[in-house]
Every structure is written in structure tokens, then in C-alpha cells.
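Colleague: What follows is the residue order along each chain.
There are 2 protein chains.
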Amino acid sequence: MAAKAESSDESGVKLLSGINDQYGGVIVDIIDPIDPASFLSFLTSSIAHWKLEGKKGIWIKLPIQRVNLVEPAVMKGFWYHHAEPTYLMLVNWIPPSPHTLPANASHRVAIGAFLLNQNREVLVVQEKSGKFEGTGVWKFPTGVVDEGEDIYAAAVREVKEETGVDSEFVEVLAFRQSHKSFFEKSDLFFVCMLQALSFDIQKQEQEIEAAQWMPFEEYAAQPFLQNNELLKYTNAICKAKMEGEYSGFSPVATTSSSDEKSYLYLNSSRAPKRESKVDV
Amino acid sequence: MAAKAESSDESGVKLLSGINDQYGGVIVDIIDPIDPASFLSFLTSSIAHWKLEGKKGIWIKLPIQRVNLVEPAVMKGFWYHHAEPTYLMLVNWIPPSPHTLPANASHRVAIGAFLLNQNREVLVVQEKSGKFEGTGVWKFPTGVVDEGEDIYAAAVREVKEETGVDSEFVEVLAFRQSHKSFFEKSDLFFVCMLQALSFDIQKQEQEIEAAQWMPFEEYAAQPFLQNNELLKYTNAICKAKMEGEYSGFSPVATTSSSDEKSYLYLNSSRAPKRESKVDV
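Protein chains in written order, with our numbering: chain H, 1 to 280; chain W, 281 to 560.
So that you can see chain H by itself, here it is in the shape it has in the complex (with noise of 0.2 Å):
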């Protein structure tokens, strides 16, 4: 990204340097301390100079190092795009135009991993903390994907880390939507079947308080999952799974027109003519 904070425009005066994006806008990334009065000066001509170049967005990635650069950047019309625990990044639009700019993040994205062994028992944990902390619930291994992370991947991880069982991705079996899951954001959460590759458990002592192989049919009699609509559907999913008589989305990798690889999550095995649904 930019490696200076400021370069200079044919007069002599002062500008923020930035690098050009493919939609006609400019992403300034400062990096160095500036301090606040010469960067409200510097973005003053900036500003001017790219309204010239006819420069749509401006990016501006302010580290959190550089929090006192946010009060001039705000003064100067710049409003908050998005933020990580190391930077803010704000964001102006400078034609008179109604903004075309990309929207936030408005997803966290979890799974959750239905794992059977050859004896028809299900992987499940007591978690040490959360909304089923103290209960004597058992559930499936779940967690948060990371920023970047592959849905599959997640899946692979997370029971691994949680139980030490080694397994492989087969498929996502149904996903559920809720939204206002932390203040305004949304959730996605990806029922995933994966087949073990092994069976000792090493439970992680910091989230886990106890996992373990336990027959299907006793993990679907608790109690709590027959009080929860949620959980009784995808109880009778996995159950289908199990016969053989449901089939969900499998991942294939493709590459899009940018080259990158990417996964498609699709139904791999067609489908039947008759419908009927799952019993819950």
C-alpha cells in the first residue's frame, strides 16, 4: 500500500498520497503519525485534487495507532465504512451523485458439525461457557468462521480443535438465518456433516468441558432439543442423513472470472421427482 503518508501535486502543495482502485477511487492508507492539524490541511488539498481528477470513493485505513487522525477525517465529510480491532476505515464520496459504495459486513458466519462414528454415535460436547454453560446439555461441536476461512474448513477445524478427531467434509445439510444476533448484525449458521477419520477424543480444556461418543438416539431424546423447534428439524435432517434418504450441498472448487478460487456449495446428487418432507 502507500508507503508515505503525503506527496506533493505539480504547485508544490501537499497531498495525501493514495493508490488508485478499479472504481475510479482512491484508497489512502496512512501509515507513519501525521499530526492532526497538518493531515486536516494535507486532506483539505487532497480533497480539492481528487474532486479535479473526477475520483469517486475515498478509502481512508486509519490504524488504531492513528486515532487521533479520525476527528479531521470526520471534519472533513468522511464517515465510517467499517472497523477491526486494529483499524477504522473511513470512507467519502466525492461526485454529487448518490453513492455507489460497496455495503459493510452484515454477517457472522458459524457452524455446527454432526460427526458419526461406525457405531451410529454422534460427537458431542458440554461447552464451559455460553448459553449451555452448567446445563448438562449435550450438542454438537460448533464455532465462529474466521475472516477468509472456507465454510468446509471451519468445519474441519473447529473439531478438531474442540475434540481432537481428525475428519472430512462431506456436506452442508441445511443453514439457518437469524438476524439481531449482536446488536444489529446477522447470522448464518451451516449445519455441516463430516465423516471421521478418527475416534480417541482430546477434549480442549479452555471451552470444552467434556465430549464424547454418544448414541444418536440418546443425543436426540434430551430434553432441551425436543423443546426447540430449531434443533428438532435438524435432528430429523440428520436422522434422514443417516437412512440415506436426504442429500444436502456439497462444496466444489471453481475459479471466477478474477481467477480466484472459490467454492460452490451445490447438490451434487440429483435430485428425486416425488417430493415429501422431512418429519419433525
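These are calculated hints, taken from the structure and not from any lab test. Worth double-checking, as some hints may not be accurate.
Listed below are the simulated DSS-like cross-link pairs for lysine-lysine, each with C-alpha atoms no more than 27 Å apart in a straight line [stated by the list, open to error]:
1) W:K440 x H:K180
2) H:K76 x H:K14
3) W:K419 x H:K56
4) W:K336 x H:K232
5) W:K336 x H:K203
6) W:K411 x H:K56
Listed next, with one range per pair, are the computed distances between beta-carbon atoms [to be verified]:
7) W:G334 x H:Q204: 19 to 29 Å
8) H:A37 x W:T535: 48 to 58 Å
9) H:E184 x W:G334: 25 to 35 Å
10) W:D480 x H:S268: 29 to 39 Å
11) H:I31 x W:E413: 31 to 41 Å
12) H:E243 x W:Q345: 51 to 61 Å
13) H:E184 x W:K294: 36 to 46 Å
14) W:Q345 x H:L40: 36 to 46 Å
15) W:A433 x H:P95: 28 to 38 Å
Think of the CB as a built atom: it goes at the ideal place given N, C-alpha and C, for glycine as much as any other residue.
Start from chain H and add chain W according to the hints.
Modeller: Just chain W, lined up with the frame of chain H:
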């Protein structure tokens, strides 16, 4: 949320007032102006108070109008959790243990809508901006799922907005996860099938150059699509679906333990016994 920015403890020391969350934390919602020096002083006393109370995560929500309080908060050890155009959410963790705060939203969610009429024609558009601008490529209507919006509702809304066509959601046919779609954030793109309830097209002027019903074979034969592995898969799925040989995930309303209604997307037709791949 908090009506006033401050309250007092028993000894009369001024404290920031907040509301307790269900995870042993506190949410402070700053609305009224405070000068930065007073804020720093209140925050220092408040942190000591929260420590005594055994509080864990402390959230401070600062509207963009309170940008002058960002620096004092960071000086007291707060860091950025997330941001939206109108506010910045900062967070701090009081106990000495590693934090268990929820992750920030990591994914943007978008939809593409596959919509047929009774003549096996598919609804397609040409966009005024974006990477297909001026290419003459006909594509499915697409759009971003708004914060708090259900995927099925977003698909119906986007089709209506872009083309004026009323429709009913049928299924998610497949989804693609891709990374670094803007800065470090990831993308989940859901290919949705909808059933048209009206057929007259009234295109949106701002975003759409042209919209029409086009024979599916003509759409699928576009050279652009032939050179894109992802779109070839999508076409194969749509074709299989048209021939009644594919089933995706359809939404079912469920209530979870918190009584919030959310949708579970699942394969509501039983899966076939035989396995055969989608042809590409």
C-alpha cells in the same frame, strides 16, 4: 438504551451509565455531548467501578457526532469492534483472562435470482455500472441482502426493484463463498430460484440498462458464461432444475429458544438413493 451519559456511585464519583448485557458486560450508549476531558475522567472512574463489580466486556457506542470521544476511549485501552456509517462501537475486556467477545461480522451476503416464465424464458438484465457495464452481457438480477433481511425476501425484493416483476421464492439452488471481496471481507452469494407472479417488465432507471425475458438456451450460450467455471455450474444446476432433476434448499420458519423467528433452509424433498453428478 442509556438515557444519560453519566450517573454517580455511592461516594458521589461521576460514572458513565450503561445497561448490563446477558454476558456479564455493560453497554454504554453515549448520546449527549460530553467534553473529552470529562469523558476521560468519567471513563477512568467507571473502569475502576466495573472492575470491582466483576464486569467483563464493556461496549461503548459512539455516534459519529461524538467522534471527539474516540481518542480518549482508545487511550483508556478500548479498541474498535465494528463500525457503521453513523457510529463506532468500541470494546474493552476488564478481566485478566483472554476475552470471549463475539467476532465482528465477516461476510457480505448477496443473491442472484433465476426466474422463468411459462415459455422457458429467463428474466435477465444489463447493468448500468459495475464490472458488466457496457459489455452487453445479460445476467440474472442480483443484489446485496440488507442488514436484518431474509435471503428469500431479498431475492423477491431485488427482482421487483430491478424489473418490476412480482415473484415468489422457491429455493436456494446453490451458494458460493468467496474471500477478499472488498478489503479483507468475504462474500456469500446465494443462487435462488423464484417463480414469476407477473410478467410485464418495468426496469429500474438508475441501475438497469435493459431487462427482458430471454430463452434460457440463448442466455446460457453467451460466450462470457461459457468461459466462467462458476457460471457454467450455475447454468447446469438451473437446467437440471428446469427438468425436475435437482432440488435445492427451501426456507422453513422456525422459532428458536429465544423465541425469535428465523428461517432454516433445507432440502424438503427426500434425496435420491443413487448419486450422480451435475453435468457441467
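Colleague: Can you list which hints this structure breaks, lowest number first?
Modeller: 4, 13 and 14
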